[in-house]
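Visitor: Using the hints provided, position chain B relative to the given structure of chain A.
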Amino acid sequence: MINFITASAEPVNPLAVLVTGFVIVFVVLLLLIGIIKLYSSIVSGVMANIEKKKALKVSASQAPTAEVSLESEIAVQPDNTDDMQIVAVISAAVAAYYGSDSNVRVHSIRRSKPSRSEWATAGINENIMSRRGF
Amino acid sequence: MEILNGFLDSVVGLYYDSGLVNLTWHNYVMVAISCVLMYLAIKKQYEPLLLLPIAFGMLLVNIYPDIMAAPSTQLVPLETYLQNHDSVNYPITEMLNEAGDSVIKYVNVPTNGGLLYYLYQGVKLGIYPPLIFLGIGCMTDFGPLIANPKSFILGAAAQIGIFITFIGASLMGFTDTQAGSIGIIGGADGPTAIYVTTKLAPELLGPIAVAAYSYMALVPIIQPPIMKALTTKKERSVVMQQLRPVTKLEKILFPIIVTILCSLLLPSAAPLVGMLMLGNLFKESGVVDRIFKTAQNELMNIITIFLGVTVGATASGEVFLTWKTIGIIALGLAAFCLGTSCGVLFGKLMYIFTKGKVNPLIGSAGVSAVPMAARVANKVGQQENSSNFLLMHAMGPNVAGVIGSAVAAGVLLSIL
Numbered sequence: 408m409i410n411f412i413t414a415s416a417e418p419v420n421p422l423a424v425l426v427t428g429f430v431i432v433f434v435v436l437l438l439l440i441g442i443i444k445l446y447s448s449i450v451s452g453v454m455a456n457i458e459k460k461k462a463l464k465v466s467a468s469q470a471p472t473a474e475v476s477l478e479s480e481i482a483v484q485p486d487n488t489d490d491m492q493i494v495a496v497i498s499a500a501v502a503a504y505y506g507s508d509s510n511v512r513v514h515s516i517r518r519s520k521p522s523r524s525e526w527a528t529a530g531i532n533e534n535i536m537s538r539r540g541f
Numbered sequence: 037m038e039i040l041n042g043f044l045d046s047v048v049g050l051y052y053d054s055g056l057v058n059l060t061w062h063n064y065v066m067v068a069i070s071c072v073l074m075y076l077a078i079k080k081q082y083e084p085l086l087l088l089p090i091a092f093g094m095l096l097v098n099i100y101p102d103i104m105a106a107p108s109t110q111l112v113p114l115e116t117y118l119q120n121h122d123s124v125n126y127p128i129t130e131m132l133n134e135a136g137d138s139v140i141k142y143v144n145v146p147t148n149g150g151l152l153y154y155l156y157q158g159v160k161l162g163i164y165p166p167l168i169f170l171g172i173g174c175m176t177d178f179g180p181l182i183a184n185p186k187s188f189i190l191g192a193a194a195q196i197g198i199f200i201t202f203i204g205a206s207l208m209g210f211t212d213t214q215a216g217s218i219g220i221i222g223g224a225d226g227p228t229a230i231y232v233t234t235k236l237a238p239e240l241l242g243p244i245a246v247a248a249y250s251y252m253a254l255v256p257i258i259q260p261p262i263m264k265a266l267t268t269k270k271e272r273s274v275v276m277q278q279l280r281p282v283t284k285l286e287k288i289l290f291p292i293i294v295t296i297l298c299s300l301l302l303p304s305a306a307p308l309v310g311m312l313m314l315g316n317l318f319k320e321s322g323v324v325d326r327i328f329k330t331a332q333n334e335l336m337n338i339i340t341i342f343l344g345v346t347v348g349a350t351a352s353g354e355v356f357l358t359w360k361t362i363g364i365i366a367l368g369l370a371a372f373c374l375g376t377s378c379g380v381l382f383g384k385l386m387y388i389f390t391k392g393k394v395n396p397l398i399g400s401a402g403v404s405a406v407p408m409a410a411r412v413a414n415k416v417g418q419q420e421n422s423s424n425f426l427l428m429h430a431m432g433p434n435v436a437g438v439i440g441s442a443v444a445a446g447v448l449l450s451i452l
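Those protein sequence lines, which keep their order, are chains A and B. FYI, the numbering for the first sequence is 408 to 541, going by the working numbering. FYI, the numbering for the second sequence is 37 to 452, going by the working numbering.
If we strip away everything but chain A, and leave its shape as in the complex, we get (with noise of 0.2 Å):
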């Protein structure tokens, strides 16, 4: 397809494209920052639902056996009194980073998987000790 130029190029004049670049620029990347802010405040609003409704959902389920499973745990680990602490101090770091403004609210703790055995880990901290002098 061919494109005739009827009009000849007329000179354009530098202010003219300086304003037309400066404003297009700004109004473009100002829309980006209301649609951000608005798809940003729906999904973290959908996401709260969906967070909602599965809470809701396993406390429904697991209601009956809760206390039978907290039984089971505090007989297999009779010292919770060491839990409530690191739920404590891991719940604080959580909140200190994300800022004093912010609602946090700590749902469950899981241990992560160890990258290497206990004995490995008991092993390595021996050596750090005994090259500190301790």
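One or more hints might be untrue.
Unchecked claim - Listed next, the stretches of chain A that the computed footprint assigns to chain B, with coverage defined by at least 3 CB atoms under 8 Å from CB atoms of chain B:
no. : stretch
1   : 421-427
2   : 439-451
Unchecked claim - Below, simulated SDA-like cross-link-like pairs (lysine to any residue); rule was C-alpha separation at most 20 Å, straight line:
no. : chain 1 : residue 1 : chain 2 : residue 2
3   : A       : 461       : B       : 284
4   : A       : 460       : B       : 285
5   : B       : 287       : A       : 457
6   : A       : 444       : B       : 428
7   : B       : 393       : B       : 268
8   : A       : 444       : B       : 185
9   : B       : 287       : A       : 437
10  : B       : 186       : B       : 283
11  : B       : 186       : A       : 448
Because the hints were derived from the structure by calculation, they are not lab data. Where is the CB? At the ideal position from N, CA and C, for every residue including glycine.
Guide: Chain B in isolation, oriented as in the chain A frame:
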């Protein structure tokens, strides 16, 4: 004796074919310049991934100009042609001899172009820069920008340098399209500069590409004095609040939304923004691992080689060693400095409006040059307060700058 004569004739013929006879002083100066650039790339490691192929392309084209020669047709007299060949497979042109009394037949023998001429088509047709953007998209994390969308303001502010330089270049006598191509150096984005220049002023591609990549390599030297001159010690020491975490869904939606919006409003920015966002969608979607890896590694590396060598090969002595080139390099520096200044000044405005929550230094990262400009902002911030980490905050304006310069390129392509 005949053998000796034949040998001497051949040697003389080779000598006349060699660069020793055909090259001008321009070419030798360019060879020297390319050696300096290679030194900077290898020893000083200034953007070596691009500077090295560019410098080598420059070297090649100035020693053997035909490597960039376009395919052409030679007119060989039919009789001469038939002495070496059995039949004629090419069209024949008939022309009158000088006296005008007889017709001489010529065979139109096509000659292939040089190696780099063919590789250069990817630059000329605007194919390589968007493909480089695809790779950049794969490597870019827009998280800091989504977490703090206000960074877009800084990314936009740093583009003002492009348009101010446009005025300067127009006043210096460059044509509108040339001025637009020179201004885009201020976007500090190599592929964008090359893309715009091939569309608007292909004759200036060599100097503009060299200027753009040189300034990007010199970001750590050019920016800090401007940043320090425009900010106070108190402003530079501002510690910014931790960015919020961004969900995966937001990261996936971002490239789609940006593509739709930018391409709708500025269709001429679509090839650059579209490919950038496609690369990012590859990364964030997490379902096309193979394509994602290829786009950011093999494809990007191949294109970088082709782009670098052929862009370097546009800098032949006759084209490069002119007063225009000096003007372009000076204007490019001005564009770059103005972009940095506008970014920092808008950073200062944000500092005032947010009552001291934004460190104005991050504004300087709005000039793209990812991630060097963000690293420089971080480094200058740490000179005031060694425990201040501005890197992630500066990455927001930095990646916004990439989108901003692509939008600015779209504006220039539309109105010029």
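Visitor: Now look at each hint and say whether the structure bears it out.
Guide: To see whether the hints hold, each was checked on the structure:
1. 421-427: Held - the stretch 421-427 of chain A has 5 residues with a Cβ nearer than 8 Å to chain B, which meets the minimum of three.
2. 439-451: Coverage by chain B holds for the stretch 439-451 of chain A (9 residues, Cβ < 8 Å).
3. A:461 to B:284: 18 Å, holds
4. A:460 to B:285: This hinted pair holds, its Cα atoms lying about 18 Å apart.
5. B:287 to A:457: 18 Å, holds
6. A:444 to B:428: Given pair residue 444 (chain A), residue 428 (chain B) holds - Cα atoms ~19 Å apart, limit 20 Å.
7. B:393 to B:268: Answer holds: residue 393 (chain B) to residue 268 (chain B) is near 15 Å, not above 20 Å.
8. A:444 to B:185: Judged against 20 Å, a Cα distance of about 7 Å means the pair holds.
9. B:287 to A:437: 19 Å, holds
10. B:186 to B:283: Holds, because 18 Å separates the two Cα atoms, which is no more than 20 Å.
11. B:186 to A:448: Given that 20 Å is the threshold and the Cα spacing comes to 15 Å, the pair holds.
Violation of the numbered hints given earlier is absent; every hint is satisfied by the structure.
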